[in-house]
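Here's the letter readout for the chains.
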Amino acid sequence: MLIPQTKNIGLPLMNLMRFKGLPILQQLHIEEQLLRTSSENWCIVNDGTNDPTIVMGVSGKPAELLEIESVLDDQVPVIRRFTGGGTVIVDHGTVFVTFICNKEAVPNLQPYPRPIMSWSSSLYSKVFQGIGDFHLRENDYVFGNHKFGGNAQSITKNRWIHHTSFLWDFNVQNMSYLKHPKRAPAYRSARSHLDFICRMKDYMPRSTFMDKTMDATETQFSLRPIQLEAIRTCTEAEFCPSSRFLTNEELEAAAVALQK
Amino acid sequence: MLCRRILLIKVWNNGRRWLLPSSSLSPVPTTADYKRHFSTHIMAAFSLPQNNQFTLKIPYMENRCKFSSNAVADLHTNGIVDVPLAQTGEGIAECELLKWFIQEGDEVEEFQPLCEVQSDKATIEITSRYKGRVAQVLHVPGNIVKVGETLLKMAVEDTQVPLVTLSNLENEKQPDTKSNKDFTGGVLSTPAVRNLAKEHGININDVQGSGKDGRVLKEDVLKYATQEGIIKDPLVTATATADLGQLFHREKSSLLESAQVSGHYEDTIVPLRGFQRTMVKTMSMAAKVPHFHYVEEIDCDALAELKASFQTNNLEPGLKFTFLPVLIKSLSMALSKYPMVNSCFNEESVEVILRGSHNIGIAMATPNGLVVPNIKNVQSLSILEITKELSRLQQLSLDNKLSPADISGGTITLSNIGAIGGKFGAPIVNLPEVAIIAMGRIQKLPRVADDGDVYSASIMTVNIGADHRVLDGAIVARFCNEWKRFIEKPELLMLHMK
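Chains F and C supply the protein sequences, listed in that same order.
Residue numbering for the first sequence follows UniProt numbering, starting at 1 and increasing by one per position.
Residue numbering for the second sequence follows UniProt numbering, starting at 1 and increasing by one per position.
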């Protein structure tokens with residue numbers, strides 16, 4: 001009886017929020033709010049989002065990254081998020097895992113992009129132990145040389161967020177909304193998108209991935225489940241998140257500017 | 001001597017920063033004094049020790065050595081400080097400026113966020129190291145700023161920490177009860193120098209200051225660190241990106257050797273990177289697999305004759321025949337009969353995947369560490385094709401140019417440790433494979449014939465390490481017998497020729 005509790009003594013506390021099918025914009029708003037207004041550590045897991053949505057990094061330029069005509073024709077929502085990184089199209093086949101930590105939460109971890117990226121990959125190495133030659137490749141999680149997880153971060157004065165979208169499954173047609181980006185990792189070696197990515201479901205059942213991720217996190221943190229309502233407090237009124245939908249007008253203007 | 005060494009450290013750090021911004025040893029230099037410093041005060045000899053692989057052409061450097069203690073004081077000649085882009089950590093060369101949180105004329109506090117930048121996947125808040133006033137903003141959002149380049153200029157006061165009695169500056173050890181975050185310590189220095197001390201785990205109160213009023217300068221911290229053995233000649237503790245791994249590794253090992261030769265018996269920290277780092281991970285995982293080992297001796301006389309014959313009748317100059325290609329082809333023959341030995345184990349689903357291709361990995365010792373490229377589809381290759389492919393992979397691994405395809409997808413591994421020495425090893429499987437074979441050196445040993453006569457034979461001892469979750473002794477024994485048969489009687493390979 002005593003043993004399960006004693007194993008957590010000394011581990012920093014991390015609040016865990018689990019969602020299923022939460023709209024991605026709402027997830028991003030929650031994440032940004034927690035990053036900027038909370039002083040606790042958080043893990044957010046969203047098991048698939050609802051509608052297919054394109055999510056660009058903070059400085060993503062739609063004209064360069066998206067097939068705007070198709071996006072507009074099919075009315076695919078486009079979000080610009082608050083973290084850096086590239087463009088993804090997410091849907092119910094995407095699994096999201098986010099860590100939001102104080103700078104001191106992980107001992108000896110320097111609060112810079114690469115060390116945080118390495119730390120996250122060591123956590124997921126435990127999840128994918130012995131499976132499919134998992135490793136961190138530049139900034140992506142890969143099996144062999146096929147990407148199945150993309151990462152993005154934001155580092156503030158005292159805290160950092162590292163969030164990952166995992167391609168548990170994807171719709172080939174949806175990928176056609178995305179252009180081949182100008183800045184691509186070297187290991188992509190000019191492969192087409194479909195030759196570059198792979199599906200996590202070919203390697204591991206979805207629930208197993210969730211369970212193992214929680215287990216791996218619990219080796220470093222003491223996880224405490226929290227409901228969404230608990231964080232809907234006064235801070236929500238004061239805080240204005242920056243992740244937002246791009247309007248049709250903005251997308252059309254980008255398309256026009258490209259043609260010039 | 002010491003000052004020249006410090007200068008080399010500075011020059012080395014600066015040179016590396018100029019040319020290899022992604023591989024600087026310490027976190028990116030925090031002040032812009034390097035630029036001004038080296039352009040106006042210091043001309044330094046830049047030379048790498050004996051076995052350097054390259055010479056760096058660095059602007060501002062000439063072959064003379066001067067030493068100046070004005071470095072940090074330059075910051076304050078006119079009260080304006082250049083604030084460079086820093087705080088991004090290793091591996092980041094440049095960032096896009098996203099937005100400013102301040103504007104010209106604003107008063108800022110130490111650690112107040114100044115701006116947000118983006119690198120690759122991260123947005124990063126850059127905070128101020130100084131308390132002061134924003135004098136001039138040098139970039140607009142959207143600009144790409146190199147790490148170390150000046151972001152803005154600030155007007156700061158000359159002293160930023162309270163004055164304390166000079167007795168604190170004596171070189172006696174003080175009890176290190178303060179945490180690294182305690183900035184209200186008792187010596188004069190700038191935040192940049194304090195940070196440097198903190199990065200090296202040095203209590204700045206322990207450092208004797210050589211500046212005005214006993215101020216602790218950057219050189220003082222570096223000198224202290226060297227004296228305390230916290231930093232060595234930075235070439236020895238260099239961290240390198242994967243691309244430069246080979247270069248640095250060679251220098252590292254030659255320096256380690258020369259250090260010992262010259263009598264410096266001190267500890268050296270060697271961060272593990274590249275192949276060595278990968279080995280830490282893979283071996284840790286593999287150690288969890290329940291192994292058993294099967295040992296056998298194989299008579300290689302026929303193999304030696306075959307090799308000699310290949311060499312004698314070799315029509316392609318530059319192609320060298322060794323034992324390995326025949327061993328590899330025979331292995332593939334045996335795998336065709338015992339496909340379980342050429343499989344992958346999926347722990348999750350408790351399934352064994354019998355791999356169709358025989359992608360035989362050959363463990364290679366390179367200057368950068370252990371690497372295992374594999375020859376794909378050996379079942380469809382001739383011995384000549386295997387020989388050529390092996391040679392290609394060996395050359396690539398020595399040049400550290402193996403592609404990801406070369407090192408992934410292996411189904412079984414051969415470790416020819418005997419090429420270096422040893423009778424046999426107890427190898428650890430290369431996950432997710434289920435078997436690995438270590439081959440010892442071929443030795444001339446006495447054997448006893450059926451009629452009682454003693455004769456000499458070339459004997460190679462092999463040790464097959466196997467995953468006992470998948471394979472048992474019987475399968476491995478039979479598989480090994482089959483392989484041994486082909487090696488001892490290579491003419492049997494012809495039976496399977498198509």
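If you're looking for bench data, these hints aren't it; they were derived computationally from the structure.
Note that the Cβ used here is the ideal one computed from N, Cα and C, for glycine as well.
Mixed in with the good hints there might be a few duds.
Said to hold, decoys possible - What follows is a set of in silico ranges between Cβ atoms, one per label pair, in the way DEER data are often shown:
(1) F:S70 <-> C:L493: 36 to 46 Å
(2) F:H92 <-> C:E157: 36 to 46 Å
(3) F:D169 <-> C:E157: 55 to 65 Å
(4) C:Q208 <-> F:R183: 26 to 36 Å
(5) F:A230 <-> C:Q112: 50 to 60 Å
(6) C:K131 <-> F:V172: 52 to 62 Å
(7) C:S349 <-> F:H92: 18 to 28 Å
(8) C:K320 <-> F:S70: 49 to 59 Å
(9) F:C240 <-> C:T268: 22 to 32 Å
(10) C:R392 <-> F:C240: 39 to 49 Å
(11) C:I420 <-> F:V172: 30 to 40 Å
(12) C:V280 <-> F:V172: 49 to 59 Å
(13) F:P185 <-> C:V280: 33 to 43 Å
The hints, checked one at a time:
no. : hint                          : verdict
1   : F:S70 <-> C:L493: 36 to 46 Å  : violated, 57 Å
2   : F:H92 <-> C:E157: 36 to 46 Å  : violated, 58 Å
3   : F:D169 <-> C:E157: 55 to 65 Å : holds, 59 Å
4   : C:Q208 <-> F:R183: 26 to 36 Å : violated, 48 Å
5   : F:A230 <-> C:Q112: 50 to 60 Å : violated, 31 Å
6   : C:K131 <-> F:V172: 52 to 62 Å : holds, 56 Å
7   : C:S349 <-> F:H92: 18 to 28 Å  : holds, 24 Å
8   : C:K320 <-> F:S70: 49 to 59 Å  : holds, 56 Å
9   : F:C240 <-> C:T268: 22 to 32 Å : violated, 52 Å
10  : C:R392 <-> F:C240: 39 to 49 Å : violated, 59 Å
11  : C:I420 <-> F:V172: 30 to 40 Å : violated, 49 Å
12  : C:V280 <-> F:V172: 49 to 59 Å : violated, 38 Å
13  : F:P185 <-> C:V280: 33 to 43 Å : violated, 23 Å
Checked against the numbered hints given earlier, the structure breaks hints 1, 2, 4, 5, 9, 10, 11, 12 and 13 and satisfies all the rest.
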